[in-house]
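Each chain, written out:
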Amino acid sequence: MALVGRPLPTDRAGSALGGVLRWLIRRLLQAAATFAVVAVLLFVLMRLAPGDPLARLTDDRPVAPAERARLEAIFGLDQPIGTQLTKFLSAAARGDFGVSIEYYPLRVGELVQNRLGPSLLLGLTVLLVNVTLGVWLGVLQARRRGSRLDRWLTRISLAGYAAPSFWLALMLVSLFAIKWRILPAAQMTDPLLPTDAGWLTRAGDLLAHLVLPTVTLSVVTLAATMRYQRSAMLEVLRLDFVRAAYARGLDERTVIWRHAWRNALFPVLTLLGLWLPVLVSGAVFVESVFNWPGLGSLAAGAIATRDYPVLMATSLLVSGAVLLGGVLTDLAYQALDPRTRAG
Amino acid sequence: MTGSLLATLLAAWRTPSGKAGFLLLSALVVFALLGPLVLPDPTAMPDLGAPAASPSLHHPFGTDGMSRDVLARVATGARISLSIAVIAVLLSLTIGTAVGLAAGFLGGVVDSLMMRVVDAALAVPRLFILLLLLVVWERMPIPVLILVIGATGWFGTSRLVRGEVLRLRSEGYLQAAQALGAGRLRTIFRHLLPNVTGVILVSATLSIGDVILLEAGLSYLGVGVQPPTPSWGVMVFDARNAMTTAPWTLFFPGVAVVVTVLATSLVSDALRAAFDPRSA
Amino acid sequence: MRVRSSMAGLLAVLVAASFAGPLAAQRDTQSGTISIVIGAEPTLPFPGLSLAKANMDVASLLFLPLARLGRQFITSDEKTYEPALARSWRRTDSLTLVFELDPRARWHDGKPVTPRDVIWSVNRSRDSTISPTYALLLRNIASVTATGEREVTFRFRQAYGDQIFDATAFAVPLPAHLLDTIPPDRLAASIYARQPVGNGPYRWGKLEAGRQLELNAVPDFFLGTPKLHRVVFLIVRAAEAQLNLVLDGTADAYEASLLPRQITPIVEQPSLDIKTQSSFSVGYLLFNQKAFGDRSTPHPILADRAVRQALLLGIDRQRLVRAVFGPYASVVDGPMGQATWIRRHTPKGPGYDPAAARRLLAAQGWRDSNGDGVLDKNGTKLSLRLSYPGTSTARVGMAEPIQAMLRQIGVEVELLRLDGPVWAERRAKGEFDIDFSQATLMPTPAGLVQSWSCASSGGGSNVGSICSPGFDEAYKEAARTGGRAAADRWRDAIGELQQDYPAVFLYSPAQALVVHRRYRNVSIRPDGTWTDLWRWSVDPSQRIARDQR
Numbered sequence: 013m014a015l016v017g018r019p020l021p022t023d024r025a026g027s028a029l030g031g032v033l034r035w036l037i038r039r040l041l042q043a044a045a046t047f048a049v050v051a052v053l054l055f056v057l058m059r060l061a062p063g064d065p066l067a068r069l070t071d072d073r074p075v076a077p078a079e080r081a082r083l084e085a086i087f088g089l090d091q092p093i094g095t096q097l098t099k100f101l102s103a104a105a106r107g108d109f110g111v112s113i114e115y116y117p118l119r120v121g122e123l124v125q126n127r128l129g130p131s132l133l134l135g136l137t138v139l140l141v142n143v144t145l146g147v148w149l150g151v152l153q154a155r156r157r158g159s160r161l162d163r164w165l166t167r168i169s170l171a172g173y174a175a176p177s178f179w180l181a182l183m184l185v186s187l188f189a190i191k192w193r194i195l196p197a198a199q200m201t202d203p204l205l206p207t208d209a210g211w212l213t214r215a216g217d218l219l220a221h222l223v224l225p226t227v228t229l230s231v232v233t234l235a236a237t238m239r240y241q242r243s244a245m246l247e248v249l250r251l252d253f254v255r256a257a258y259a260r261g262l263d264e265r266t267v268i269w270r271h272a273w274r275n276a277l278f279p280v281l282t283l284l285g286l287w288l289p290v291l292v293s294g295a296v297f298v299e300s301v302f303n304w305p306g307l308g309s310l311a312a313g314a315i316a317t318r319d320y321p322v323l324m325a326t327s328l329l330v331s332g333a334v335l336l337g338g339v340l341t342d343l344a345y346q347a348l349d350p351r352t353r354a355g
Numbered sequence: 014m015t016g017s018l019l020a021t022l023l024a025a026w027r028t029p030s031g032k033a034g035f036l037l038l039s040a041l042v043v044f045a046l047l048g049p050l051v052l053p054d055p056t057a058m059p060d061l062g063a064p065a066a067s068p069s070l071h072h073p074f075g076t077d078g079m080s081r082d083v084l085a086r087v088a089t090g091a092r093i094s095l096s097i098a099v100i101a102v103l104l105s106l107t108i109g110t111a112v113g114l115a116a117g118f119l120g121g122v123v124d125s126l127m128m129r130v131v132d133a134a135l136a137v138p139r140l141f142i143l144l145l146l147l148v149v150w151e152r153m154p155i156p157v158l159i160l161v162i163g164a165t166g167w168f169g170t171s172r173l174v175r176g177e178v179l180r181l182r183s184e185g186y187l188q189a190a191q192a193l194g195a196g197r198l199r200t201i202f203r204h205l206l207p208n209v210t211g212v213i214l215v216s217a218t219l220s221i222g223d224v225i226l227l228e229a230g231l232s233y234l235g236v237g238v239q240p241p242t243p244s245w246g247v248m249v250f251d252a253r254n255a256m257t258t259a260p261w262t263l264f265f266p267g268v269a270v271v272v273t274v275l276a277t278s279l280v281s282d283a284l285r286a287a288f289d290p291r292s293a
Numbered sequence: 011m012r013v014r015s016s017m018a019g020l021l022a023v024l025v026a027a028s029f030a031g032p033l034a035a036q037r038d039t040q041s042g043t044i045s046i047v048i049g050a051e052p053t054l055p056f057p058g059l060s061l062a063k064a065n066m067d068v069a070s071l072l073f074l075p076l077a078r079l080g081r082q083f084i085t086s087d088e089k090t091y092e093p094a095l096a097r098s099w100r101r102t103d104s105l106t107l108v109f110e111l112d113p114r115a116r117w118h119d120g121k122p123v124t125p126r127d128v129i130w131s132v133n134r135s136r137d138s139t140i141s142p143t144y145a146l147l148l149r150n151i152a153s154v155t156a157t158g159e160r161e162v163t164f165r166f167r168q169a170y171g172d173q174i175f176d177a178t179a180f181a182v183p184l185p186a187h188l189l190d191t192i193p194p195d196r197l198a199a200s201i202y203a204r205q206p207v208g209n210g211p212y213r214w215g216k217l218e219a220g221r222q223l224e225l226n227a228v229p230d231f232f233l234g235t236p237k238l239h240r241v242v243f244l245i246v247r248a249a250e251a252q253l254n255l256v257l258d259g260t261a262d263a264y265e266a267s268l269l270p271r272q273i274t275p276i277v278e279q280p281s282l283d284i285k286t287q288s289s290f291s292v293g294y295l296l297f298n299q300k301a302f303g304d305r306s307t308p309h310p311i312l313a314d315r316a317v318r319q320a321l322l323l324g325i326d327r328q329r330l331v332r333a334v335f336g337p338y339a340s341v342v343d344g345p346m347g348q349a350t351w352i353r354r355h356t357p358k359g360p361g362y363d364p365a366a367a368r369r370l371l372a373a374q375g376w377r378d379s380n381g382d383g384v385l386d387k388n389g390t391k392l393s394l395r396l397s398y399p400g401t402s403t404a405r406v407g408m409a410e411p412i413q414a415m416l417r418q419i420g421v422e423v424e425l426l427r428l429d430g431p432v433w434a435e436r437r438a439k440g441e442f443d444i445d446f447s448q449a450t451l452m453p454t455p456a457g458l459v460q461s462w463s464c465a466s467s468g469g470g471s472n473v474g475s476i477c478s479p480g481f482d483e484a485y486k487e488a489a490r491t492g493g494r495a496a497a498d499r500w501r502d503a504i505g506e507l508q509q510d511y512p513a514v515f516l517y518s519p520a521q522a523l524v525v526h527r528r529y530r531n532v533s534i535r536p537d538g539t540w541t542d543l544w545r546w547s548v549d550p551s552q553r554i555a556r557d558q559r
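Residue numbers (our numbering), protein chains in the order written: chain A, 13 to 355; chain B, 14 to 293; chain C, 11 to 559.
These are computed hints drawn from the structure, not numbers from a lab. Please read these numbers as outputs of a predicted model, since none were measured by experiment. Hints may be right or wrong, so weigh each one.
As the list claims (entries may be wrong) - Computed list of lysine-lysine pairs in BS3-like fashion (alpha-carbon distance at most 30 Å, straight line):
1. 216/C / 358/C
2. 191/A / 285/C
3. 486/C / 358/C
4. 439/C / 99/A
5. 391/C / 439/C
6. 63/C / 237/C
For reference, chain A alone in the conformation it holds in the complex (with noise of 0.2 Å):
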């Protein structure tokens, strides 16, 4: 795979200190520029895709034309595309992405900020989970390359990884939230919770409610960070400093947790930058069937009903995650070799 390389040179890192800072001014400064250049092509797609953002607010009711031309002059929508998007840039610019079509009259900075909370404790867990297991099975099938354990443990992770997203949530609420009854088939927390409920009856609750996006979101993205993993490792392993341990007697469980795994880390941590996105905008289809209330469930509503600004604002911050994923990326490379300089 790509991103599978050496142990990290330490004491080279130091000298190349500065030369990486400059880089990564350069490529911030590149990366804000592309930002502004995906802001207006965003802005310019939006408008130009069919599809009318007023239809949602009068569901399936006759309109007169004079409602019609109110609710355009509410949202700007009356004006030329060029007017709405200088006011759209300086409105943005000062972090006000005005005022939702559907979710009227809420401001956009408040809806986003509601749902950025779920859409992050969702995207950790995931993370941390993913991380967690990816990481030790990863270790474990390079330590038992070419095993029946290690074929078996590729070919299951494939599977979950195949398996769209949106079905597998489906089927694991119609199991254990609809047929067996043991876990919640959607929210965040229980509505109904008494509010003089203990932080441990919260904390369970919450708890509960995280399992089955969680699982979902896991065992779609548990197969990548495995193959990370399983691979560094693999070259890892046979690099002499591992010998030489193994040589001086130390166990197993020694030379793997704390020389080897150390040193194949790395291009693991590289996947993070992958992750960014995610964390931030959820994901729209696990979010939407769960009815977590985060940034991807808005995101789903926002394209369905074309609430302009909301779909802006989201959008606009994927793209940023994105972006700056990209930087990160980049910078792992950088941190593996400034020869790779050419940006």
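We have chain A already, so just place chains B and C on it with the hints.
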């Protein structure tokens, strides 16, 4: 070249995963090709109004709420979903590899420029670009759909390939090849390309599942395959409310997606092992 | 797999144990909770400020109208209305209605409801710069004045049947003493909008953004203490999650938007019940009489009335509606829902007759000259596009059978399954041949003018450019007539419309409520689902933990 390709394929076939993957994949292809010929018409509603029937001898995958045979729909859907997956992914792999090789090999301003374009493209949700097509086509022809999915799916691949080229370069691999007198094109095709195959295969595996599901999302937004033609994605989406009453209508098309992606992953694993025994 | 289920089991035990404590502690006979699934966040739950269903659902618990339509929904019969904020009403002449407010009516802040509130609210709704929709609906009201300490007098511009309906349905009183200092265009963004003060059986409790809204009973509500002390609305957007929450017991009630064949297993679940009720919704295939996307040219195929008639004859409506809705919808012959009071006076439409359809088309010169199974005439194929939103399960379910049925009479139908907002946009622009429409209408047939009259042709909601002078004439006559006598006039008007074949009227879906069996006195209304919720109660023998105060 053909000789080595055959050898690689044979080597891949010999791995246990490879055998399973190749067999699964061939079974899928046969199913897609022959299934619709022998199974009932997937759009026929012989008993309109009858409730969905659970799997039986007569309907191995059961019927859906409109009395249509689910097996026949999965088979016809296989044609659509598989051809979209294969052609679109091949297209995006080709473009992505070309761009990645060029950027990584040429470096400098070209690389910088190309990668910024890729950055921007990756940062714009693909859905927005695809939605625009509704302005042009009222009912999009399937070949156009495949082309567009392919043409918008190469950004990630190009980044991966470029990274791999940079790594090879940093290992002095390119310099060595050129020092031995290899021309630019020869360096690219004889030395770089075989070495990035692993990355390309990984990318292919990742894309196949994505593309099948993307098609579903697009159909849902009215951009993709239109009824009465069934596709796996649409079947999964439409069955989501029937989860409790007719779970088989949700289960089987989903399993078809899983099997396809799994088979591709196994094959690509085996191929990667054959290309580069170190990584297996 | 084993790891996962044992972890889940552990959590379940943990959670169950933590709930068991307070459950048995107290017993309260006058309490009860209901958790209700709604599809969107009620961000502006005020009558007259929003047309979105989630807002109107919540508003109907917070605010009362002057009077409510009786259970038969005869909009033009003053005697059948039920008192609400107004204790009684009387007619002094054909242009004047006098309402006497109930002296016990109070806002949630303790202030009495006064004529000033009514006048302020009606005048606000009549202001076309603030609410064009309501201004149009209230155009026949000439003035509203206080004629006593608790008396409000409505004067109308002309004598017509629906006077009391207009006065009560479209201008639900808001608290003038709190609102008259806020500029009208700031109201939505004001603090009041975040903490609505109403006069209904429930008061605003707590909103957790994106998740839930809690309302609490008003103990001294003047029409009687609500039996359920707490109403929790769960904000759930995805249809599959809505259903799942009812099935796993989190939600107690849910106004089903799914098809009966999908909710039937709910009935099999012992704790759940399904209540149905006819609705004001209607689904139909609307023919575009102008060319696709061009309102200046007649439609090359559908401008011909005989073709439209043939298409109606070529669709087996009975079979189609049964197949998709089972028993939970009625086949309709006119543009009104099954709850509309004049439904019994709608003339019967023709039945399924494909042979007659083929004869009609042949008589108009449509032949299958190239043997491809599709009729053609002068080189034009009899091929039409049917557009519908992919999110509507009912319409998705009917589209393919319709395509198959019309194929039998030699008509090719191309299906356009569209994203909701795209469908709405194209519909409004007239970019369709046949549109699969579904509308929730007002209880009064007078609303038909908006979608089916020549005056509205091509603009607003008459997107198919329908114009039948015969209907317009008969409509005017019917709207003028008051009381139940109007029924015969409406029959004439609908008959005229049917003769023009502007659409294939298909179904009126039942309003279906999925509800936990522990509730007593359960009833819903098609003009406001939860309006009577304050009369519901929990069977004392079936109380569960959440019902405790």
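Item to check | 30 Å Cα cutoff - pair residue 191/A, residue 285/C | outcome: The given pair, whose Cα atoms are some 24 Å apart, holds under the 30 Å limit.
Checklist entry - Within 30 Å, alpha carbon to alpha carbon, are residue 486/C and residue 358/C? => result Measuring from Cα to Cα gives roughly 22 Å; hence the hint holds.
Next on the checklist: Checking one constraint from the list: CA of residue 63/C to CA of residue 237/C, max 30 Å. Satisfied?
Outcome noted: Within the cut-off at roughly 25 Å; holds.
Checklist entry - Is residue 391/C close enough to residue 439/C, meaning Cα to Cα at most 30 Å? => result It holds: about 24 Å lies between the C-alpha atoms, which stays within 30 Å.
Checklist entry - Does the alpha-carbon distance linking residue 439/C and residue 99/A stay inside the 30 Å limit? => result 28 Å, holds
Item to check | Hinted pair residue 216/C and residue 358/C, Cα distance within 30 Å | outcome: 50 Å, violated
Going down the numbered hints, you'll see the structure goes against just number 1.
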